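A.B. asks: Residue numbers (our numbering), protein chains in the order written: chain A, 1005 to 1345; chain B, 172 to 549; chain C, 2 to 395.
Simulated from the structure, these hints should not be mistaken for lab results. Keep in mind that this is a model prediction, so the values were computed, not measured. Cβ atoms here follow ideal geometry from the backbone N, Cα and C, with glycine treated the same way. Keep in mind that a hint or two might mislead.
Only some residues are given here: those of chain A computed to face chain C with a beta carbon under 10 Å [what the hints assert, rightly or not]:
| # | residue |
| --- | --- |
| 1 | Asp1080 |
| 2 | Trp1112 |
| 3 | Leu1114 |
| 4 | Arg1116 |
| 5 | Ala1119 |
| 6 | Ser1143 |
| 7 | Gln1144 |
| 8 | Lys1146 |
| 9 | Gln1147 |
| 10 | Thr1152 |
| 11 | Thr1159 |
| 12 | Thr1180 |
| 13 | Ala1190 |
| 14 | Arg1195 |
| 15 | Thr1213 |
| 16 | Gln1290 |
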Amino acid sequence: MRLVRVTPLGMLLGALLAASPAPAQDGTLAQVKARGHLVCGVSGGVAGFSMPDGQGRWHGLDVDFCRALAAAIFDDPDKVRFIPQSSAARFTALQSGEIDVLARNTTWTLSRDTAAMNFPVITFFDGQGFLVRKSLNISQVKQLDRATICLQQGTTTELNTADWFRTRGLSYQVVTFANSEQTLGAYESGRCDAYSTDKSSLYGERLKTAHPEDHMILDEAISKEPFAPGVRQGDDAWRDLVAWTHYAMIDAEEAGITQDNVDRLRGETLSPDVKRILGLEGKYGQGLGLTDDWAYRIVRHVGNYGDVFARNLGDGTPLKIPRGLNALWTNGGLQYGPPIR
Amino acid sequence: MTIVRETLLPPAPPPRRAAGPVGWLRDNLFSGAGNTVTTLVILAGLALLLPPVFRFLVTDAVWRGDSGEVCRPEVAGHPVGACWAFIGAKINYLVYGSYPAAERWRPNLFFGLVALGTAWMLWLDAPRRGLGAVFVFLVGPLLSYGLLSGTPVLGLAPIATSLWGGILVTLVVSLVGIVASLPLGILLALGRRSDLPVLRYACIGFIEFWRGVPLITVLFMANVMLPLFLPGDLTVDRLVRPLVGIALFASAYMAEVVRGGLQAIPEGQGRAALALGLTRWQAMRLVILPQALKVVVPGIVNTLIGLFKDTTLVSIVGIADFIRVLEAARADPRWSAPTIPATAYAFAALFYLTFCFAMARYAAFIERRLAAGERGRA
Amino acid sequence: MRAAPPESGSGPGTRSTRALVLQALVALALAALAYAAFANASEKLARQGITAGFGFLARAAGFDISQRLIPYAAATSTYLDAFLVGLLNTLLVSGLAIGLATVIGFAVGIARLSPNWLARTLAATYVETLRNLPLLLQLLVWYVAVRVALPEAQHPAAWGGAYLSQRGLVLPRPDFQGAAWLVPVAFVAGLVGASIRARRAKRRIETGAEPGPVVGPALALVLGLPALAWIGLALAGHPVPVAWPSPGPFGPEGGLGVLPEFAALLLGLSTYTAAFIAEIVRAGLASVARGQGEAAAALGLSRAKTLRLVTIPQAMRVIVPPLTSQYLNITKNSSLAVLIGYPDLVHVFMGTVLNQTNQAVEVVAITMAVYLTLSLGLAALMNASNRRAAPMTR
């Protein structure tokens, strides 16, 4: 439908509108290549996942995933533009073509999968947790019966909390806010007994309190929150590329290929697995519309999954999020990459 | 009725002293028992309230430091008031948001352009005000756009609007609202007085719609529905969406202000212009509109104050305006101290109060000047 | 310029033809714009697999709301129920804020014309400060202030059966079911009686008769009748059941709660709008001819009586129209509740429901329609009462 190209407002908007150049029927990969950079929707304020630093450079697990995609496509992890998305606008942004991929700790659910978008792969296994004051002496979620809980609205947290307490015959009082600053502020000032959101975010939120040592995150999770990047429906090639970007990082970690040793291994490895991942054997990049060294580019520029996790979330960071479910399957976790062959 | 006096009051003694400070005090503060009590109660209230406020803002305030530690009473060794060191440390973020440090001369130049345009428009006796209007409504906005978001042709690197923030964004949002709403508002006001029923009702409907809904719903609508309404391959920048919403919203209020001015111009003015052989359009452009706009300058400035305050609402739809970056800066764990929220809000209050109060004084000044002009003519 | 005579040199025929063509063009352009927007939206919604329509309102909501004036439960209530809860919360806070803002606004407006310099200056400072600060900022400050000022939930302040803490004010809640419905009925009867009495007093003033006391008997009726019913029921062996709040493990529980978010929003909205109302009142009072006040003083009326019986009634003519638009502003501004977590219409419906259902067009349309209806309805009501009051003014 392109009935009215220049609306009366068009004059005003004309200068400010950013029209994406390629028509929608071309594949996303072709559009990205033609444009010369990837456009990635991120959350823009979750420590460890996507956060701009003082110089305006983005950091985080979601950010590094987009950089890995850019590295695979352009051999340059900086050919990405990050656009922060509110939880309300994220699906529309993807649908309207404003962004190529949504890497914004979005929970993969059936209704979202069938209605709004496709989820190629789970990049992070999370669950809804609770931040409480240590002085409450609580270790289990069920002890929060009759407590007041602060939530951020417009997320699945509101539904999960209602379901969890109801099915156990427990009661609670809810206070919801539009943004995380207000939610945390209310919790910290004592308006609520607990602050509930995805555990991965709680580690960061806890650090924002005046006395992080006074607060703790309960071990229990009351929901499954598989975070997955989102892509538009009907573009299988792009979907494959997004999925395999993650698998390449997992397979690299499993094969012991790290950002530090990748160049050395590329020169001296004898392992056929490693050779296939690094593009020395077989023509595995072509099927994705990339060069054969695509996975090598990812590891060289961004690192394997373990590198990325350690850099953004792990013990070396203030967050200190345990690998938990996100350990490799060989270490008792759920991260499992199909073989590149 | 029983309230009618039945006897004459005894003649009052002559005022003891009408002039001088003592007379003023007696007239204004202690003219009777009730008045004296009021005065004393208020004085007592002020004596209780003002010293703590002064202590918080000045005496107990911490002015220097590079982390929140200095603002904790146990570290500072005395009760801590406002933590101005926090504002000092964050001032660049509060003014520019995440705008790259190397390119901050561009917003600074933009601030300069704004100051120039504002002065040109506000100083009523300034030379070449017509040229000024062209600058403010046409050249300035285009120049600013090219400057802030970048023009590769001129060697200015593009800077995504997601990096803009703070006072810069607050100013951009307000200015776009002002620059777009004034011409749009005039057109709508003229349309509302048109002879043509279709045009008239379209304008009435437009104006009453925007005036009937809260701005926050307009912003939500611009955010989620604008992308839906545009053709498939067009996307709207995240900052532009609320700008469109604010421009439409403000233009409806502006239209009503301008309409008031049009109504204030006597009909004879239009008739005389027509009798002189001017066309209807010329009469409107050369005779009626200039007079009407002059009358409504105070109303326009008051609408602008409202608009400036309302721009804070864009923070709710995730735009990094001044309030939003202030809230984000406040959440920095390095700067967590008990008085940080109060400091942040005090700073924001000072900022908005300064600008709005200055605008309000200006509107009052113009109003007095207009009134004096009216008297002079009569 | 509707009254302007037709231009010389162009016949009436060409003018009206031109007018018709112009109007047709405007109508066409608007229709094309609307059609394009509609077509684009429906295409995109179809691609997202979202069925347009209002069917989603009947689906189960599944989320909880902190303040609800009607029965609401996450599991069984629908999105329509959630909408009603939000709407009622909007109406509640707007209605109370309108009352409170009017009281503060009149007080400050009258103080601005006080003979006392301090009172005048203080009132002027109040007006200039609050008018020139964004409401959003004021609400943020109020919300932080309310939370800081209140005691911790585990150590609430208690008076009688009521508790005050960061969880809000918790009051004993009488349960007006069964025979206890007599109490609200008595209250309504008291209201009716008081208004009849006030009306009669007004008529007596107009005919020049002594009106007699109004406020005392009105209070006695409005408060006394329910109290009598309450005591009577207790004596008759059917005492009104009262739910007493109790200190629970996490803070006071049970009873009737007044949320801190509600208090902050109510205070913020009222004090902010009161600054505007004060200016309206001042302008209204200033519009009354000086001679009126002087004549009243000459008749021996005190300053308070002069204001109440002479100046304010005459000023109302000037005050009411702009006052109406301030009332509308309160209703619209209550939508800022979304910021501080008070579950008003925008918070519940545009915040949570929109996000859960993705029915953006419908949710936005419904919300805007509600505010438009409220605005136009309140405006019509005020216009009607204005017309009724108009012949009274001289």
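A.B. asks: Which numbered hints turn out to be false for this structure?
C.D. replies: 1, 2, 3, 6, 7, 8, 15, 16
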